[in-house]
Amino acid sequence: MRVKIFAAAAALLFLAACESGTSGSGGVIGSGSGPVLANPPGTGQAGIGQAGAPRGVVPGSQEDLQQSVGDRIFFASDRTDLTPEARRTVEGWAMWLRQNPGVSATIEGHADERGTREYNLALGERRAAAARNALIAQGVDPRRLSTVSYGKERPQVLGSTEQAWAQNRRGVLLVN
Amino acid sequence: MMIRTLPTLKRRTLLTAAAAAAALPSVALPGVARAQVRIDITRGRVEPLPTAVSPFFGDGADANTGRELAQVIAGNLERSGLFRPIDPRAYTNTPAQLRAAAPQFGTWRQINAAILIHGNVESTRDGRLRVEFRLWDVFGEAQMEGRVYTTVPANWRRIAHIVSDAVYKRMTGEDGYFDTRIVYVSESGPQQRRVKRLALMDQDGANHRFLTDGRELVLTPRFSPTAQEITYLAYVQAGNNPNVLRPRVYLLNIDTGQREVVGDFPGMTFAPRFSPDGNRVIMSMAQGGNTDIHAMDLRTRQQQRVTNHPSINTSPSYSPDGRQIVFNSDRGGTQQLYTMTASGENVQRISFGTGRYATPVWSPRGDLIAFTKQTEGEFFIGVMRPDGQGERLLTRAFLVEGPTWAPNGRVLMYFRQGASDSRGQGGNPRLYSIDLTGYNEREMLTPADGSDPAWSPLLP
Chain D
1 MRVKIFAAAA
11 ALLFLAACES
21 GTSGSGGVIG
31 SGSGPVLANP
41 PGTGQAGIGQ
51 AGAPRGVVPG
61 SQEDLQQSVG
71 DRIFFASDRT
81 DLTPEARRTV
91 EGWAMWLRQN
101 PGVSATIEGH
111 ADERGTREYN
121 LALGERRAAA
131 ARNALIAQGV
141 DPRRLSTVSY
151 GKERPQVLGS
161 TEQAWAQNRR
171 GVLLVN
Chain A
1001 MMIRTLPTLK
1011 RRTLLTAAAA
1021 AAALPSVALP
1031 GVARAQVRID
1041 ITRGRVEPLP
1051 TAVSPFFGDG
1061 ADANTGRELA
1071 QVIAGNLERS
1081 GLFRPIDPRA
1091 YTNTPAQLRA
1101 AAPQFGTWRQ
1111 INAAILIHGN
1121 VESTRDGRLR
1131 VEFRLWDVFG
1141 EAQMEGRVYT
1151 TVPANWRRIA
1161 HIVSDAVYKR
1171 MTGEDGYFDT
1181 RIVYVSESGP
1191 QQRRVKRLAL
1201 MDQDGANHRF
1211 LTDGRELVLT
1221 PRFSPTAQEI
1231 TYLAYVQAGN
1241 NPNVLRPRVY
1251 LLNIDTGQRE
1261 VVGDFPGMTF
1271 APRFSPDGNR
1281 VIMSMAQGGN
1291 TDIHAMDLRT
1301 RQQQRVTNHP
1311 SINTSPSYSP
1321 DGRQIVFNSD
1331 RGGTQQLYTM
1341 TASGENVQRI
1351 SFGTGRYATP
1361 VWSPRGDLIA
1371 FTKQTEGEFF
1381 IGVMRPDGQG
1391 ERLLTRAFLV
1401 EGPTWAPNGR
1411 VLMYFRQGAS
1421 DSRGQGGNPR
1431 LYSIDLTGYN
1441 EREMLTPADG
1451 SDPAWSPLLP
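Going line by line, the protein sequences match chains D and A. Be aware that the first sequence starts at 1, since it is given in our numbering, and climbs by one per residue. Be aware that the second sequence starts at 1001, since it is given in our numbering, and climbs by one per residue.
Since the hints were made in silico from the structure, they are not lab data. Note that the Cβ used here is the ideal one computed from N, Cα and C, for glycine as well. Every clue listed holds true.
Each pair of labels, with its calculated beta carbon distance range:
(1) D/D141 - A/H1309: 27 to 33 angstroms
(2) A/V1244 - D/I136: 17 to 23 angstroms
(3) A/D1213 - D/P84: 42 to 48 angstroms
(4) D/A137 - A/R1331: 24 to 30 angstroms
(5) A/A1154 - D/I136: 55 to 61 angstroms
Let's have the full structure, built from the sequences with the hints guiding it.
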């Protein structure tokens, strides 16, 4: 399981998740400006940001996105606006999409389990749309971007804990 | 997939006291004494009525059907919480004796039976099943009900449900809800890749079968007023890429297995429900971060936008007369319940308690709206009047969600889910029913985990 971390607070959540056995090993690596990058488990090296795909990774692939920018953003409870961290990641997405002009993508919106099914579907759609609108504002062609909401149907992290819920309230950029 | 609904039953009222005498000439029936026994279901806690359900009399192979009929009837009545079936080993007349003569009421009184149900089952020469039943007031020594039904043998369980409904109605004055089905979402697999299938069963769990194969994520099935169609949400692959899914509201015909997408909407459609006349499906459509309520006329295919507000507007449910809609919106800042006319006018907020309100469902009787409420880290199922007054919470848990009404508006079903641990264990959703009074909460047994139940109307 890959978890991208963008802030110290989130890092704590990440450690808690590791302790509870829901996440693989992984580290947090800052790169100064731009998106904070995480190296996914098993790669043994930091991701590379703007300089194209990391070695051994197909440019424009989901793996490339995960390693060079991170493929997800997180939302506060019952909120659909982008946090400053999420905004930075979305800027990274926009840059990555500019570098990979042939790629189209779907933005998934997700909610935590502490809501009702239908409302959470609407909430997830609003989260996905918030990310899509931010990408369009960054100059990404809207025709390259679709959205889908899963509401609370597809949690990433298991367990009925605040930490798990924080990581499940997410938007994910999925390369089509 | 082909699923056949069994043919409609022929039914007629046969055995009034006078007709029964004609039918059974050798029996000296008691006079038409006014029966006194009655269950008042408007009180909170009702002491279940001691009830004898004799095996129905049958010759040869029919004897087995007679035993099973009685078991299904007793099971229905027991689950309602209003009746307490007495152990058949205590019964004081055999099925054959009850067929030949009126009950020996004194002996039934000795085992405290307040009412006695018995009957006869017979395979007719044309291959049909003929079932007659009678309901007796043991203390009043009077027949309260007597009917005969003829059907194909495969339909025998429905006869048992229809008999149960007749007993329920006679004893409570309210329509029963036993000749009904439940459609729900059967769940299996890990939470991150949960497999969800539409499943259909009788209200007592019998005749369980799957309507979808689990390859597509499906949610929130709801019956049409004829109980022949189901509207639900399915995530269907849009093209060649399995990553690109198109969540849309679908219509499934239970008889033919045919399904079609409801309407040509540019965005995700979800939260569907039929109008009470079955002519429309009302649902949410989400696009560009905005969720509004739309209706589609199934005959003209005309789409109508019902809400137009930059907020979440979802979970619409018509009043039984079709004139009003209750729905869920966060237009006031938090999730609350609102009513409006069917065309979207006169929007009124009706929920004012602490917490968030969701999934409103109008009772088939029109008198109440059931809902899910979320407050202080817990979920509740509750009811309130359509003007928002008289809120009552019936049950609470880590998660309870999605109430659905039995067609008589007296019983609710919903699903309950516990907290899960870091391996995803412990959160298994299950179906539960509860009486409107808040008593008689029971788990509805299903082969696997279950969520999103919807109760059918009485079967046609």
